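> Input sequences plus hints: build the corresponding full structure.
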Amino acid sequence: MDLVKLRSFCKVYEHRSFSKAASSLYLSQPTVSSHIISLEEELGVKLFDRAKRFVIPTLAGERLYTYAKELVFLLEKAEKEMSLFQNKVIGKLVIGGSTIPAHYILPRVLKNFKEKYSEVDLLLEVDDSYNIIKKVSKGEVDIGVVGVKVDEFWDLEYEPIVEDRLVLIGKLDVESIKIEDLKNLKWVIREQGSGTRSFMEKYFLDLGIKIEDLDIAVEVKGTEAVIKCVCEGLGVSVISYLAARNYIKTGVIKEIKVNGLEMKRDFYLVRHKERYLFPASRAFIDVLRSLKQKGNS
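With the numbering used here, letter number 201 in the sequence shown gets 201, and the count goes up by one each step, no holes.
Hints in this document: simulated from the structure, not taken from any laboratory.
In this text the structure is predicted, and so the values were computed from the model without any measurement.
Just to be clear, a hint being listed does not mean it is correct.
[Said to hold, decoys possible] Across the chosen pairs, the derived CB separations fall in these ranges: (1) R108 <-> K88: 55 to 61 Å; (2) N112 <-> E159: 28 to 34 Å; (3) N246 <-> E163: 16 to 22 Å; (4) K20 <-> C231: 31 to 37 Å; (5) L205 <-> C231: 26 to 32 Å.
[Said to hold, decoys possible] Quick list of in silico lysine to aspartate or glutamate cross-link-like pairs, DMTMM-like style, CA-CA up to 20 Å: (6) K264 <-> E163; (7) K257 <-> D181; (8) K92 <-> E62; (9) K171 <-> E224; (10) K178 <-> E262; (11) K186 <-> E224; (12) K186 <-> D213; (13) K183 <-> E255; (14) K202 <-> E191; (15) K171 <-> E159; (16) K221 <-> E125.
A virtual CB, placed ideally from N, CA and C, is assigned to each residue, including glycine.
Dropping the structure here:
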């Protein structure tokens, strides 16, 4: 069995699609299809049932994957080891970003990194903080940038890199409100698992206010969608200043001061403690750390 064909097999299995597997491997779909057909002929078993829109692994395919993924992992590890000896920053790097970092921090970092290390293939995955952290723990993401730390994943380490503040935004005709007024407002809030919501809940709980105490008009997945709902007058929201600043500066929405309340947080670099840092990962972390040295400007 050819390792190149096994790599194609693993990608088809993981994506349940020949076209998506081909895209992830930078190969043509006919090439990937020929790899699978060749494996099936060599092994004398059918590995996938083909449907119009997707493929389904057979029992033989399921069994082969348990071995093939280990072989592919060892091959990729060997390739990275060889590049380490050469001290070249090459290969593929999967970066995970929760909503705010992915939209307002990482694009600049990716640009700066790519200008210095053009031979690295970058993939940016966007999800809420909890899911990015989970993917780092499972080895699906090399480096994450998230808004919270999650204690249940003992195998990870966190490093603060960017400071942010949470602000109350809305279309109210006031510049500031009192803490006791928070319960009297209509609210647009982020979904559970969001770092922004976790910090909002923490700060509000310190004030004796539970999320259930608020008059929630809508719960929204995604920062931009939250801002748009606020712009439409659905309610107020607590959101990252990084995300809201352009809307505030142009007067589309207002930052409303809450007397006696200041909400700050950090965004964290998260990585697996037990995974070896290869040159590309080390170089990317250095670029991230430069944000901290420049004062997050």
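> Now, for every hint given, state plainly whether the structure supports it.
Quick rundown of the hints versus the structure:
Roughly 24 Å separates the CB atoms of R108 and K88, a value that falls outside the hinted 55 to 61 Å. A hinted range of 28 to 34 Å is violated for the C-beta pair N112 and E159, which are about 18 Å apart. Here the CB-CB span from N246 to E163 is close to 19 Å, well matched to the stated 16 to 22 Å. Separated by about 35 Å at the C-beta atoms, K20 and C231 satisfy the suggested range of 31 to 37 Å.
Distance hint for L205 and C231: a CB-CB separation of about 28 Å, consistent with the stated range 26 to 32 Å. This hinted pair checks out: K264 and E163 have alpha carbons roughly 7 Å apart, not beyond 20 Å. A threshold of 20 Å between alpha carbons decides the hint, and for K257 with D181 the separation of about 12 Å falls inside it, so the pair holds. In summary, the hint linking K92 to E62 is not supported, as the alpha carbons are separated by about 26 Å, beyond the 20 Å threshold.
In summary, the hint linking K171 to E224 is supported, as the alpha carbons are separated by about 16 Å, within the 20 Å threshold. In summary, the hint linking K178 to E262 is supported, as the alpha carbons are separated by about 12 Å, within the 20 Å threshold. For the proposed pair K186 and E224, the alpha carbon gap of about 18 Å is at most 20 Å, so the pair holds. Taking the CA atoms of K186 and D213, the gap is near 11 Å; set against the 20 Å cutoff, the hint holds.
For the suggested pair K183 and E255, the alpha carbons sit about 18 Å apart, so the restraint of at most 20 Å is met. For the hint linking K202 to E191, the alpha-carbon distance of about 15 Å falls within 20 Å, and the restraint holds. Using a Cα cut-off of 20 Å, the hinted pair K171 and E159 is violated, with the two alpha carbons roughly 36 Å apart. The straight-line distance between the Cα atoms of K221 and E125 is roughly 16 Å, inside the 20 Å bound, and the hint therefore holds.
Hint check: violations occur at hints 1, 2, 8, 15; the rest are consistent with the structure.
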